[in-house]
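As you go down the protein sequences, you meet chains A and B in turn. Mapping of the first sequence onto this note's numbering: residues 70 to 532, in sequence order. Mapping of the second sequence onto this note's numbering: residues 70 to 532, in sequence order.
Incorrect hints may appear among the rest.
Every beta carbon over 10 Å from chain A, so not counted as near; a handful from chain B, in silico [as the list claims (entries may be wrong)]:
no.	residue
1	116
2	213
3	234
Covered stretches of chain B (chain A as the covering partner; in silico rule of three or more C-beta atoms under 8 Å from a C-beta of chain A) [what the hints assert, rightly or not]:
no.	stretch
4	153-166
5	484-490
Covered by chain B, per the in silico footprint, the following chain A stretches (three or more residues, Cβ under 8 Å) [as the list claims (entries may be wrong)]:
no.	stretch
6	101-108
7	150-160
8	291-305
9	461-473
10	492-500
Hints listed in this document are in silico derivations from the structure and should not be mistaken for laboratory results. Predicted model, so just to flag it, every value in this text is computed and none were measured. Backbone N, C-alpha and C define an ideal beta-carbon position, used for all residues, glycine too.
One-letter residues, chain by chain:
Protein chains: 2
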Amino acid sequence: MLFSTETYVQRRQQLRELVGEGLILIFGNNEAPMNYPANAYKFRQDSTFLYFTGQHRDGLVLAIDCATGQETLYGDEIDIDDIVWYGSVTSVADMAAESGIARTAPLSQLSTLVAPKRVGGLHYLPPYRPDNTIQLMELLGQSRAEVMAGRSQSLINAVVKLRSIKSAEEIAELERASHIGYLMHTAAMRMATQPGMTEAYIGGQLDGIAASYGSIVSFQSIVSMHGEILHGYPSAAPLEPGRLLLVDAGAETREHYCSDHTRTTPISGHYTPQQRDIYDIVVACHDLALTHAKPGVRWWDVHMDVCRLMTERLKALGLMKGDTEEAVQAGAHALFLPHGLGHMMGMDVHDMEGLGQIYVGYDEETRPSTQFGLASLRFARRLEVGHVVTDEPGIYFIPDLIDLWQREGINKDFLCFDRINQFRNFGGVRIEDDVLITPDGCRFLGSERIPYKADDVEAWLMA
Amino acid sequence: MLFSTETYVQRRQQLRELVGEGLILIFGNNEAPMNYPANAYKFRQDSTFLYFTGQHRDGLVLAIDCATGQETLYGDEIDIDDIVWYGSVTSVADMAAESGIARTAPLSQLSTLVAPKRVGGLHYLPPYRPDNTIQLMELLGQSRAEVMAGRSQSLINAVVKLRSIKSAEEIAELERASHIGYLMHTAAMRMATQPGMTEAYIGGQLDGIAASYGSIVSFQSIVSMHGEILHGYPSAAPLEPGRLLLVDAGAETREHYCSDHTRTTPISGHYTPQQRDIYDIVVACHDLALTHAKPGVRWWDVHMDVCRLMTERLKALGLMKGDTEEAVQAGAHALFLPHGLGHMMGMDVHDMEGLGQIYVGYDEETRPSTQFGLASLRFARRLEVGHVVTDEPGIYFIPDLIDLWQREGINKDFLCFDRINQFRNFGGVRIEDDVLITPDGCRFLGSERIPYKADDVEAWLMA
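Just chain A, same shape as in the assembly (with noise of 0.2 Å):
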């Protein structure tokens, strides 16, 4: 367990005071089969069952009572012949007890405990594991769709509310998941420049530090010279010389805390001029950002000063024109960063998404747009001291979306279509790091920077 017992007991009152009413059931896990049964991917508990009982184990159901404040743990004991293949495992006993839960029962018993309290309000999170729908759709003889539609939005704000703002024993896990990203992030940037390597197996390498010094990777990692390609997963191929390789990746520690950053290596060692003059400006978008951030600034605001510094940029590089502030009240500059400048993270990579990334990232103040680009800014709401977000631009060129946007006119008042058709084979550049929401402003997360200015990379690359 990370935490004291306390604080465990802490985050479940909390929890209690804020939903008011009814029975709530937070679901643990279970193993996730890859290719029959008996085979399952590495385990990865659930964050928010992690948060309020800090417990590993797979087949695992918190029940608060509201009403009453009884805590229950629900889950089955393992017998001799489960010793014989898994060693002796801590009893489901012992682990509420850790936890600070008053009782256990077996699994079982949660159909009996679920029937009467149904009527004074059963509160779920939605489920994103086929197995916890089935439980579910079992629990309460319901469908997919009424139990996906049952899910409690009181319990939901309250889960965001708490999980939100990390705490500084939190703060110091997510330093270590930081700096199993800056082991990951140097080895590929020395990876890139050898020769006869491949994104496949730099994209390997990733996944064996993320999980010799934490436990995995905490979302595939990207490794791509299409770095234009937003999600590029490691192809086969041999890197080549004079393109750009973008490596999107982090780490989970072994108590699930996520790391995630971005860095964007010339294969041959030294950026080329035109790779230079879009590099640098993704280098300013980032910079800018970090002065901008800080407590009760929303980051939605944060996101347009980005967009509005790029598009200046741009056009001194004609490959936009016209009034700035139009053209990125327009969206055009979403043609190079069709997403957004960055999501909160914690437990989870895109911290709770699960739970519904409005209700993250988004409230009554600030509200969502369908604007192409802008649609996808994950987080936009006001800062607080204690949140954590990634700080993301990037300059991408996508010749599907050049070709759609030319061909259909969008933008066209903005964009320089015959200058960005020179740029059609560049790819694309992204920096990505970590970023605390301080009182006086915000810092970033880590022990040591990876190297991102241009001239820094050279010469470490050199080094």
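With chain A fixed as given, assemble chain B onto it according to the hints.
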């Protein structure tokens, strides 16, 4: 696609002839969410779907109408928004053409196909992923229990018949997987003797090698100083000089053919006399299996021969006593070897275990046992040319099991508990390689043998 279009066409034709009538549905795998819907584990296609189509994309279903021979690949196309995130993707029509499948249709049309065909017999394999279970529940309007009960025995039998015999092309791919296994195990052996090393670090590096040269580990690596726990996952504790480190690990190639090897390395670089006594017995058992394995021989009988040799040798060490044959028939040796000699291997590391182990490893002639130990023999029937099986004897000292048997007097006429208790802290030894049955006998898979004889291991660690 790994093999030629013709190969997949032929496989499907054989399948259709074996099943004979009705509609065959083979479900491909979908993305498996890890901690929220959009954050999935590394995609792993279903082995049977891959065997009959060669296609790696998620969200596909293959339908074969046995009466008409009509084949349809069901799947949905991606749109421009997806292209921005994932790049251009092969269309369902192009995949079907590559695999020699005449028709394609969107997934939504699957329900119209299934409804009228159910009378003539609907054939599907037992689903092992809960999302496929839900797909079937909704398609058939049935409960989970009904869906599970409705799996087709004739389809299971047909798939087992085809996939059990590995072609020359498949063997070449299995050799590639074993080569990755060689790289993994030699790396682990080197790391095992380095000061300050942890099981978790080694386990992570194995993930990295498997992913760099192939796709993923073929199962969660077992890396443990407590080899007596048969599936002991790596802990963060530093390796202790004097103990043995058991590493049971394998890789999948990018085309999802597997390897599975075990080595047991002395952390100090040399086996103690006690360790070598036990280790040498396991080596002898491992070698014995190879001299007995050939077409027409039952793997059951090879397992029993190994048990006899093990019992003889354990008697010589004073750990067992009495008549060897009686001891083996009573299952007394299972205190030390509570599992079977090996299992079939192929596109699944326990090949086709999801279809039902009994249909893969047993037949009308060879029936499973319920005796402790022997009941865990996953494969027992007569060997045929083209079978690939693992040869993995082991000897373990499991304190919980020793205490149970001593307390209850189980097999006390054959077991010398006083002597056995001197080995309580020993751990366990297992040695495992992958074996192809040939017309003349058998041979190892892989380009180079991972050192396994005690002298060879020690010399190799010194080199």
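Taking the hints in turn, this is what the structure says about them:
| no. | hint | in the structure |
| --- | --- | --- |
| 1 | 116 | violated (6 Å) |
| 2 | 213 | violated (6 Å) |
| 3 | 234 | holds (20 Å) |
| 4 | 153-166 | holds (count 5) |
| 5 | 484-490 | violated (count 0) |
| 6 | 101-108 | holds (count 8) |
| 7 | 150-160 | holds (count 6) |
| 8 | 291-305 | holds (count 6) |
| 9 | 461-473 | holds (count 4) |
| 10 | 492-500 | violated (count 0) |
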